[in-house]
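Participant: Top line first, the protein sequences correspond to chains Z and C.
For the first sequence, the residue numbers in our numbering are 1 to 173.
For the second sequence, the residue numbers in our numbering are 1 to 173.
Be careful, since some hints might not be right.
Any copy, or any two copies together, can satisfy a pair, since identical chains are not distinguished.
[Claimed, not checked] When the alpha-carbon atoms are kept at most 30 Å apart in a straight line, the in silico BS3-like pairs for lysine-lysine are as follows:
hint : residue 1 : residue 2
1    : Lys24     : Lys95
2    : Lys24     : Lys10
3    : Lys4      : Lys123
4    : Lys10     : Lys68
Keep in mind that the hints were calculated from the coordinates and are not lab data.
There are 2 protein chains.
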Amino acid sequence: MENKEIFKGKIFTLEQIDVTIHNKEYRRDIIRHPGGVGVLLIVDDKVLLVKQMRHAIDQETLEIPAGKLEYGEDPMTAGLRELNEEAGYECKRLKPIIHFVSTPGFCDEVIWLYEAIEPYVTKHKLAMDEDEEITKVWIDLKEIQQMLQNNQIIDGKTIIALQYALLERRDVK
Amino acid sequence: MENKEIFKGKIFTLEQIDVTIHNKEYRRDIIRHPGGVGVLLIVDDKVLLVKQMRHAIDQETLEIPAGKLEYGEDPMTAGLRELNEEAGYECKRLKPIIHFVSTPGFCDEVIWLYEAIEPYVTKHKLAMDEDEEITKVWIDLKEIQQMLQNNQIIDGKTIIALQYALLERRDVK
């Protein structure tokens with residue numbers, strides 16, 4: 001299997017690899033990505049989502065606080081940073097929810113999801129990157145199922161985190 | 001906003017776009033993808049997953065039957081095709097579960113999820129693409145929650161479809 005780098009950008013790298021399937025060779029275009037992290041923050045049965053412009057889809061989305069990993073960075077460290085930068089919160093610990101591949105057909109991005117346990121407002125707010133533009137929105141957990149059904153939340157990692165929250169709190173309806 | 005095509009492959013296109021944030025210009029690398037479809041198939045409280053090699057992550061995954069859209073193709077048509085090709089099933093209708101963006105930070109891929117309603121084994125099985133290699137696995141819904149907790153299922157769209165199934169069938173525990 002020979003890898004050939006086609007493009008190297010700030011966020012991802014594009015490679016071509018040769019794979020053998022049923023004794024035949026195929027070329028595949030692959031995106032190499034350092035991975036990402038997302039944090040579920042629930043305070044008083046309200047979930048924090050951030051509204052932001054996503055230029056790839058030319059649309060605003062509602063997402064859990066999240067960000068890209070640096071290559072080799074510990075996902076939990078990144079999770080605590082994004083929780084501070086985007087939400088203005090710290091927490092006693094991050095509980096792992098799940099990690100998953102966003103779109104394994106052509107990309108190796110792994111996203112690590114955590115829940116913020118015993119969260120509290122930080123006294124040491126970190127600055128966001130200057131090219132980030134977000135608005136914080138608190139949404140009652142009771143409204144989440146309806147918002148999912150209405151497809152008002154369209155970000156994959158956010159859907160996974162919210163479905164997890166609903167499954168964990170089956171009493172909330 | 002000026003778009004510049006950097007690479008055009010079989011599955012996706014890489015573009016650079018210029019975006020303005022807080023009155024400053026930034027260049028963003030964007031993947032354009034035709035989108036995908038996935039189908040939740042449950043028969044007698046067992047979910048059909050397909051085991052397949054994902055070369056982007058060099059790992060086997062368990063996923064719901066799924067595939068890429070042709071540009072402009074109706075997602076439901078594609079869903080019925082994948083249900084036939086990968087599962088060997090047809091159904092009375094496909095019920096929309098949700099559609100979502102897999103990784104909106106850099107990619108415009110939308111994945112459409114459906115549930116197969118009143119499924120039955122097809123008498124007219126379509127052939128799979130010659131570069132596909134899958135094995136069918138039926139898994140009891142009761143085992144799914146444990147498998148998610150153990151992170152045995154790592155594909156994003158599959159996690160969303162399975163959590164949906166668990167939320168819909170709160171009696172199954």
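Participant: All the hints need checking, so say for each whether the structure fits it.
Facilitator: Structure-based check of each hint:
For the identical chains of this complex, Lys24 and Lys95 are neighbours neither inside a copy (44 Å) nor across copies (37 Å), given an alpha-carbon limit of 30 Å. Within a single copy, Lys24 and Lys10 get their C-alpha atoms only as close as 34 Å, which misses the 30 Å cut-off; across copies the closest is 18 Å, which meets it. Proximity of Lys4 and Lys123 under a CA criterion of 30 Å is satisfied in neither setting, with 47 Å inside one chain copy and 43 Å between copies. For a Cα distance limit of 30 Å, the shortest separation of Lys10 from Lys68 qualifies both inside one copy, at 11 Å, and across copies, at 27 Å.
Going through the hint list in order, the structure does not satisfy hints 1, 3.
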